[in-house]
Amino acid sequence: MIYLDLFLGFLKVGFFAFGGAYGAIPLIRDVVLSYGWLEDEMLTTMIAVSESTPGPIMVNLATYVGHSQAGFWGSLLATAAVVLPSFLIILLVMVLLKNALKNPYVQAVLRGVKPCIIGIILATGIYMIFHNCFGSIGVFKPNLTAILLTLGLGAVYFGSRKITKKGLSPIGLIGLSALVGILVYGI
Amino acid sequence: MSILFELFFTFAKIGLFTFGGGYAMIAIIEHACVEQKGWISHDDMMNVTVIAESTPGPIAINCATFVGYKQKGLAGAIAATVGIVLPSFCIILAIAAFLDHFLEITWIASAFRGIRIAVGILIVDAGLKMIRKMQKKPMPRIIMICGFAAMLAINLFSVKISSIVLMLAAAAVSLAVFLVKGGPKAGGPAGNGAAGKTGGPAS
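Protein sequences, first through last, are from chains A and B.
First residue of the first sequence? That's 1 in my numbering, and the numbers climb one at a time after it.
First residue of the second sequence? That's 1001 in my numbering, and the numbers climb one at a time after it.
Hint data in this document are derived by calculation from the structure and do not stem from the laboratory.
Accuracy of the hints is not assured; some may be wrong.
Unchecked claim - Ranges of calculated distance between the beta carbons of each label pair, as one might list FRET restraints:
no., chain 1, residue 1, chain 2, residue 2, range
1, B, Glu1053, A, Ile137, 30 to 38 angstroms
2, A, Gly159, B, Leu1156, 24 to 32 angstroms
3, B, Ala1032, A, Phe140, 49 to 57 angstroms
4, B, Ala1149, A, Asp40, 20 to 28 angstroms
Stated by the list, open to error - Using 25 angstroms as the maximum straight-line C-alpha spacing, the simulated SDA-like pairs for lysine to any residue come out as follows:
no., chain 1, residue 1, chain 2, residue 2
5, B, Lys1136, A, Tyr105
6, A, Lys102, B, Ala1172
7, A, Lys12, B, Cys1090
8, A, Lys165, B, Ala1172
9, A, Lys12, B, Val1159
10, A, Lys12, B, Leu1086
11, A, Lys98, B, Val1050
12, A, Lys102, B, Val1173
13, A, Lys141, B, Phe1157
14, B, Lys1070, A, Asn103
15, A, Lys98, B, Leu1086
16, A, Lys102, B, Val1050
17, A, Lys98, B, Arg1132
18, A, Lys12, B, Lys1136
To be verified - Where chain B lies over chain A, by a calculated footprint (3+ residues, C-beta under 8 angstroms):
no., stretch
19, 51–65
20, 116–127
All of these numbers come straight from a predicted model, not from anything done at the bench.
For every residue, glycine included, the Cβ atom is placed at its ideal position computed from N, Cα and C.
Throw the hints in and build the complete structure from the sequences for me.
Listed below in structure tokens is the structure:
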């Protein structure tokens, strides 16, 4: 049943979304792609939309995926599910387990989980770039336009930090890449 | 009753005007809840940021729950959390209703082909930033590299292993190393140690 799948799927995402705004992206890819809720391309599009609209990325993605699968109630359920774990855990920490996070065993677990998710985030980003530029291992199809765009946008994004202190913001890069996309792929 | 509305509207405003989530929101939440409303102290704000680092979910939601609970218990926590989530929920619903039609327009589809390339770059950048902030010790580095290699292999060869499995494995390894090295007694004070930094792999 789709409602139950949405709820449980996003509950899982919410429960394991350590590592800030981007920590949830690999998890959401996992859940969404394994259920076949969205195509890979559509999911990437939605990550960009979530990045460009207010609010945490994880909530935005849950709302969208829920809506795409089961309308308003789907979106409500998915959003509630993704928020519920952080909500309950904070309450639990505040009410019952004031020292739980300082517990050495909990600390040991967190010391393992946090670096691991950093590796997972980096691998996800690199795979997404690889997928854009070369297709997949099975169907290896280098795409020269995508490779050049990646190199160009990457150079501008990371290079901008050498020129101004803060460099180009993520939303700035999304705006620029949209413009470049229109110029390269046509109106 | 009015404090519930105030919590709701304050966090709804924060939810409406912060993009990208994460750390951008901390400054705004601090301004609203510490300086303007005086709901929590600056120290509380520091505490909740530390708690948020060690609990799942976006910092903004963790903060909302924390502040709401401090002000008005469970009802306050619910009011503040619903407040911070509602704006993005409504905006995405509105977008979802039109997005499919938008994507049929050629120039918008072209724009999104460009944007998809940017998303990969942004995620890599986020990962690199987190690596720079990571503790410069062998243990976290090894776990990070293993997590990276495993996840890349899983993606490249379409293996059906969830990233959750990797995180659980990392947790198990870290816990095992901690126990082998002598458990809680090796490092800081034993038991529910009040020390922030406990022993563990002191390499």
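Status of each hint after checking the structure:
Distance hint check for B/Glu1053 and A/Ile137: the Cβ-Cβ separation is about 36 angstroms, which falls inside the suggested range of 30 to 38 angstroms. Hint check: A/Gly159 to B/Leu1156, Cβ distance near 28 angstroms, so the stated range 24 to 32 angstroms holds. Taking the beta carbon of each, B/Ala1032 and A/Phe140 are about 51 angstroms apart, inside 49 to 57 angstroms as hinted. Restraint check, B/Ala1149 to A/Asp40: a C-beta distance of roughly 21 angstroms satisfies the suggested window 20 to 28 angstroms.
A hinted pair counts as satisfied when its Cα atoms are at most 25 angstroms apart, and B/Lys1136 with A/Tyr105 qualifies at roughly 21 angstroms. Under the criterion of a C-alpha separation no larger than 25 angstroms, the hint pairing A/Lys102 with B/Ala1172 is consistent with the structure, at around 18 angstroms. Distance check on the hinted pair: A/Lys12 and B/Cys1090 sit about 23 angstroms apart at the alpha-carbon level, within 25 angstroms; holds. For a cut-off of 25 angstroms, the pair hint linking A/Lys165 to B/Ala1172 is broken: about 40 angstroms separates their Cα positions.
At most 25 angstroms may separate the alpha-carbon atoms for a hinted pair to count; A/Lys12 and B/Val1159 meet this at roughly 19 angstroms. Taking the CA atoms of A/Lys12 and B/Leu1086, the gap is near 21 angstroms; set against the 25 angstroms cutoff, the hint holds. Restraint check for A/Lys98 and B/Val1050: the C-alpha separation of about 13 angstroms stays at or below 25 angstroms, so the hint holds. Between A/Lys102 and B/Val1173, the direct Cα distance comes to roughly 19 angstroms. Compliance with the 25 angstroms bound is thereby established for this hinted pair.
Restraint check: the Cα-Cα separation between A/Lys141 and B/Phe1157 comes to about 15 angstroms, which is no more than 25 angstroms; the hinted pair holds. Restraint check for B/Lys1070 and A/Asn103: the C-alpha separation of about 23 angstroms stays at or below 25 angstroms, so the hint holds. Note on A/Lys98 and B/Leu1086: the hinted pairing is violated, with a Cα-Cα distance of about 29 angstroms set against a maximum of 25 angstroms. Restraint check for A/Lys102 and B/Val1050: satisfied, since their Cα atoms lie roughly 11 angstroms apart, inside the 25 angstroms limit.
A C-alpha spacing of about 30 angstroms is found between A/Lys98 and B/Arg1132, which places the hinted pair above 25 angstroms, so the restraint is violated. Between the alpha carbons of A/Lys12 and B/Lys1136 the distance comes to roughly 30 angstroms, so the proposed pair goes past 25 angstroms and is violated. Counting residues of the stretch 51–65 of chain A whose beta-carbon sits less than 8 angstroms from any beta-carbon of chain B gives 12, enough to reach three: the coverage restraint holds. Under the rule that three or more residues need a Cβ within less than 8 angstroms of chain B, the assignment of the stretch 116–127 of chain A holds, with 12 such residues.
Checked against the numbered hints listed earlier, the structure breaks hints 8, 15, 17 and 18; every other hint is satisfied.
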